[in-house]
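Generate coordinates for the entire structure from the input sequences, incorporating the hints supplied.
The letter at position 12 of the sequence shown is residue 12 when you use the working numbering, and the numbering goes up by one with no holes.
Hints may contain errors.
Stated by the list, open to error - Simulated pairs of lysine-lysine, DSSO-like, Cα-Cα distance not exceeding 27 Å:
id: 1; residue 1: Lys64; residue 2: Lys43
id: 2; residue 1: Lys86; residue 2: Lys43
id: 3; residue 1: Lys75; residue 2: Lys54
id: 4; residue 1: Lys64; residue 2: Lys75
Unchecked claim - Taking CB as the label site, the calculated pair distances span:
id: 5; residue 1: Arg26; residue 2: Ser115; range: 33 to 43 Å
id: 6; residue 1: Phe29; residue 2: Asn58; range: 11 to 21 Å
id: 7; residue 1: Gly101; residue 2: Gln13; range: 36 to 46 Å
id: 8; residue 1: Ser115; residue 2: Gln1; range: 35 to 45 Å
id: 9; residue 1: Gln13; residue 2: Lys54; range: 32 to 42 Å
Derived from the structure by calculation, the hints contain no laboratory data.
Note that this is a predicted model, so its numbers are computed, not measured.
All C-beta atoms, glycine included, are put in the ideal place defined by N, C-alpha and C.
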Amino acid sequence: QVQLVESGGGLVQPGGSLRLSCAASRSIFSFDAMRWYRQAPGKERVWVASILSKGITNYADFAKGRFTISRDNAKNTVYLQMNKLKPEDTAVYYCGAISYGNEYWGQGTQVTVSS
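Structure below.
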């Protein structure tokens with residue numbers, strides 16, 4: 001069973017930064033990809049960013065230039081560095097891990113951008 005634990009959310013002012021972490025219960029190399037998603041109140045969950053096992057990264061248009069996905073293989077952890085945050089970035093952020101066609105989810109971490 002795969003466990004993913006997100007952390008690092010909180011309240012931040014517009015223009016501020018946060019770094020989210022996703023700790024996996026096994027080597028992140030065992031996954032085909034790691035992803036970040038977010039879900040705002042009353043809206044569907046949307047994809048934010050991905051990092052493939054080979055290290056290739058991809059971003060949703062709203063994340064390009066502001067968010068950076070990275071990983072620490074030794075810690076089995078994936079990060080999402082978020083800069084220049086906007087109120088519309090307010091959401092619960094989820095980590096996902098894909099392996100053999102299955103996707104596993106963490107419990108999410110709340111990010112609130114407000115003055």
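Comparing the hints with the structure gives:
1. Lys64 to Lys43: holds, 21 Å
2. Lys86 to Lys43: holds, 17 Å
3. Lys75 to Lys54: holds, 17 Å
4. Lys64 to Lys75: The given pair, whose Cα atoms are some 25 Å apart, holds under the 27 Å limit.
5. Arg26 to Ser115: 33 to 43 Å: Given about 40 Å between the Cβ atoms, the range holds.
6. Phe29 to Asn58: 11 to 21 Å: Holds: the Cβ-Cβ distance is about 18 Å, inside 11 to 21 Å.
7. Gly101 to Gln13: 36 to 46 Å: Cβ of Gly101 to Cβ of Gln13: about 41 Å, so the range 36 to 46 Å holds.
8. Ser115 to Gln1: 35 to 45 Å: holds, 41 Å
9. Gln13 to Lys54: 32 to 42 Å: holds, 36 Å
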